[in-house]
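**Q** Chain U is already provided as a structure; the job is to place chain V on it using the hints.
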Amino acid sequence: MSTLVKTMALAFNHGRLTVICALLGVLVLTSVFAPWIAPYGEAQVFPEPFAPWSPEHWLGTDQIGRDILTRLLYGTRNSILIALLATVLAFVIGGIFGLIAAILGGVLDQLLARLTDVLMAIPSLIFALMLLSIFGSTIWNLIVVIAVLESTRVFRLARSVSYGVVVQDYVEVARLRGERLPWIMLREVAPNITAPMLSEFGLRFCFVFLTIAALSFLGVGVQPPTADLGSMVRENANLIQFARFDLRAGITPLVPAIVIALITVSVNALVDWFLLSDGDTPNG
Amino acid sequence: MDNHAAAQNEIKPLVDMQGVVIEGFSNDRWTTIVDRVDLKVYPGEVLGLIGESGAGKSSLGLASMGYARAGCRISGGTILFEGQDLRAAGIKTLNRLRGNRMTYVAQSAAAAFNPAHRLIRQTIETSLVKRGWNGTKARRHAIKLFGTLRLPGAETIGSRFPHQVSGGQLQRVMTAMAMVPEPGLIVFDEPTTALDVTTQVEVLLSIKDAMRTLGSSAIYISHDLAVVSQMADRIKVLRHGKEVEEAETQEMINAPKEEYTRSLWAVRNIERNAKIGAEPRLTIENLTAYYGKFKALDNVSLTVPVGRTVSILGESGSGKSTLARCISGVVKDVEGQVTLAGKRLPLHLKNRNKEQLRHVQMIFQMADTALNPRQTVGQIILRPLRWFTGLPREKARRRMEELLSMVELDPSLASRYPEELSGGQKQRVCIARALAPEPEIMICDEVTSALDQLVQEDIIRLLNRVQEEMGTSYIFITHDVLAAKAISDEVIVMSKGRIVDRGSRDVVFSPPFEPYTEKLVKSVPEIDSGWLEQFRRS
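Just so you know, the sequences run in chain order U and V.
Under the numbering used here, the first residue of the first sequence carries the number 32, and numbering increases by one thereafter.
Under the numbering used here, the first residue of the second sequence carries the number 35, and numbering increases by one thereafter.
Keep in mind that the hints were calculated from the coordinates and are not lab data.
Just so you know, not all the hints are guaranteed correct.
Label-pair ranges, simulated between beta-carbon atoms [claimed, not checked]: (1) V:Gly249 / U:Tyr194: 44 to 54 angstroms; (2) V:Glu503 / U:Tyr194: 49 to 59 angstroms; (3) U:Met151 / V:Pro426: 46 to 56 angstroms; (4) V:Ser446 / U:Ile289: 51 to 61 angstroms; (5) U:Tyr194 / V:Lys366: 33 to 43 angstroms; (6) U:Tyr194 / V:His382: 17 to 27 angstroms; (7) U:Gly46 / V:Gly424: 47 to 57 angstroms; (8) V:Val364 / U:Leu307: 11 to 21 angstroms; (9) V:Ala104 / U:Trp89: 51 to 61 angstroms; (10) V:Ile125 / U:Val50: 54 to 64 angstroms.
Just so you have them, the derived chain U footprint on chain V, three or more residues with Cβ under 8 angstroms [unchecked claim]: (11) 379-390; (12) 403-410.
Partial chain V-side listing against chain U, Cβ under 10 angstroms, derived [as the list claims (entries may be wrong)]: (13) Gly363; (14) Val394; (15) Phe398; (16) Gln413; (17) Pro471; (18) Tyr550.
Just so we're clear, the structure is a prediction, and the values are computed from it rather than from any experiment.
We put the CB at the ideal spot given by N, CA and C, even for glycine.
Looking at chain U on its own, in the form it has when it is part of the complex:
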């Protein structure tokens, strides 16, 4: 009986994994090949704004007459790319400082930790809004600001998991050998914290992705004419009002929102699976 349940659970897990991977695969492929798949140019304008769904424009056109399907494909591509870059940068910054803090310890560790506490005390969305209004909403500013804010979380995790590693005798052996900081960081400690860091990467990516979507929705994120899922939701929000004439018009602004949801949910599910399979020990 229990074996049957276990097999079913396993099959379900594998099935779920297949679905997640397929979904993420489609999303990644469409974003990579967006310029080839998309029927029109990213910022190509057609005479008729708010055109309904038609064979020419599968999802209609937006408020200035751009093809929504095209924008959706490019938007997915841009959003994923920007979020990915910001997350990677956040991990580089947070990871390096977290490792340094854990390895060197002492005053430096306390200083860095308290500094991140201060940064984390400020709600990051509002902080990002403020910084972007000051420095201007270019894509690079957006990436850097989000990366720096998210790096505080990465820093905390990297530091706390490294604490468990730096007290191991093999790190002491390296120290007794007179190894320099980069070796201890990259060769002795970093390889032993990859599992928690990898799963954190997935979660952070989701948060970054949502933050960027929120910022774009608020108008300080990705700027037109660059397509982006968050700003597409905002730009097409008015179409909701046409839902009583044509239901499809009401669905149009929901499509980018659904894509946002799909990406975050599937990345999350992937991380969950990863975490589960990592510490999997069945009881007999």
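**A** This is chain V only, laid out in the frame that chain U set:
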């Protein structure tokens, strides 16, 4: 003997296990831990279970209570307790028996107690629940047992919390906990392994007295032959989950049948002629170290001659590991003078140059944590080799393979990761790593204490041989009198941060003894069932 056997035939065994098979789940499949072992315990009898780690002795001991650890299962055989089939019994029956008719004493008392509750409450808990005693009765009973187990202040010790008593006392409280419900069977799982040798002997004496008063049966599990021969009436030897042999204790000690048992008995017969006189290589003068306000080392001076081994012997808290850490330069608050080969060695790691770092190498107790799990054996040894000697890649590679052969490992292991090696192999890799820079001084910090006895012996032999070949000086830190005897030229005995005895090995370990050394030496159990009684009388 025959009478005894005949008498046993008439008496029904309390525990009767037949063909027990226990399996554990690892790497996605079930592997056999205990393979068709029979076990009988008669009323009032203590059965000793002995074997190396992984022999399945703990699994078998727990199975006598009808229990399998998480990730394990009892998949074959019958287990009868007082005539009742435990494998067929439901959880209700088992719950009624466990903690009542059968109890368990774990190895680590510190991990087995709830730190948030007072000792007395935890001691009597099962008797209240399972026997339905009232609090006063159970408490009176527990206090009487505390007395039998010779706990200081038997009346009041129960009102303390687990962290307020010492390790040896906690182990005795746990024994009391197991004895309060007056069970038929107590399973002792390495109850003294984590204790210092002088504490161990006290705990053994008190357990033995209490068992005699109580008259229960027991299964006594240990890897230490000398301990088991004090406690058990009969001994069963296990290896790789299979029974090797079983006999009355006296018979087992005097005439073991199997080769494996004989090899266990013959452990620690390493002959080393203690050499004296050689020029000093490392000199330590007036070393004093603090942890905060606590003085961990008090004015310690010693000399390590070229190509000799100096053992630092002491119990936990004696400051012997602090001494090692001071020499390797990682203790912050330290004063004194260390001289290596005639030149002054800076006390702090960061002030030492590469040449100075090279000549002080360290081997640790836990080979598991001393090897980076993400580096291969080859990488682990190559790094210090190239770092200190600057050998070009190809030459370093050849030297690494030489080092592996030197520590009796196959050079093909170079591509393996530490988790693929056994405990003894890991410690050999650590030794090879420490040897790589050809150091003048090697500090061995309890390098044998986490290993099985046979492996310990191999490692000590290896260290002795390597010293002959390379002329390295060793500082051998240990709590184990026998290991110190097997490896040292000179011995230093430490207690509470001070040196209390020193001299050549033969002088320190033969009468007349210094008082503390005598206590240490005499507390080491001997493989002789009458030893504990002799110790009591002396």
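**Q** Each hint needs a verdict: does it hold in this structure or not?
**A** Hints versus structure:
no.: 1; hint: V:Gly249 / U:Tyr194: 44 to 54 angstroms; verdict: holds, 51 angstroms
no.: 2; hint: V:Glu503 / U:Tyr194: 49 to 59 angstroms; verdict: violated, 40 angstroms
no.: 3; hint: U:Met151 / V:Pro426: 46 to 56 angstroms; verdict: holds, 49 angstroms
no.: 4; hint: V:Ser446 / U:Ile289: 51 to 61 angstroms; verdict: holds, 56 angstroms
no.: 5; hint: U:Tyr194 / V:Lys366: 33 to 43 angstroms; verdict: violated, 19 angstroms
no.: 6; hint: U:Tyr194 / V:His382: 17 to 27 angstroms; verdict: holds, 23 angstroms
no.: 7; hint: U:Gly46 / V:Gly424: 47 to 57 angstroms; verdict: holds, 56 angstroms
no.: 8; hint: V:Val364 / U:Leu307: 11 to 21 angstroms; verdict: violated, 39 angstroms
no.: 9; hint: V:Ala104 / U:Trp89: 51 to 61 angstroms; verdict: holds, 55 angstroms
no.: 10; hint: V:Ile125 / U:Val50: 54 to 64 angstroms; verdict: violated, 39 angstroms
no.: 11; hint: 379-390; verdict: holds (count 3)
no.: 12; hint: 403-410; verdict: holds (count 7)
no.: 13; hint: Gly363; verdict: holds, 8 angstroms
no.: 14; hint: Val394; verdict: holds, 8 angstroms
no.: 15; hint: Phe398; verdict: holds, 5 angstroms
no.: 16; hint: Gln413; verdict: holds, 9 angstroms
no.: 17; hint: Pro471; verdict: holds, 8 angstroms
no.: 18; hint: Tyr550; verdict: violated, 30 angstroms
Violated hints for the displayed structure, listed by number in ascending order: 2, 5, 8, 10, 18.
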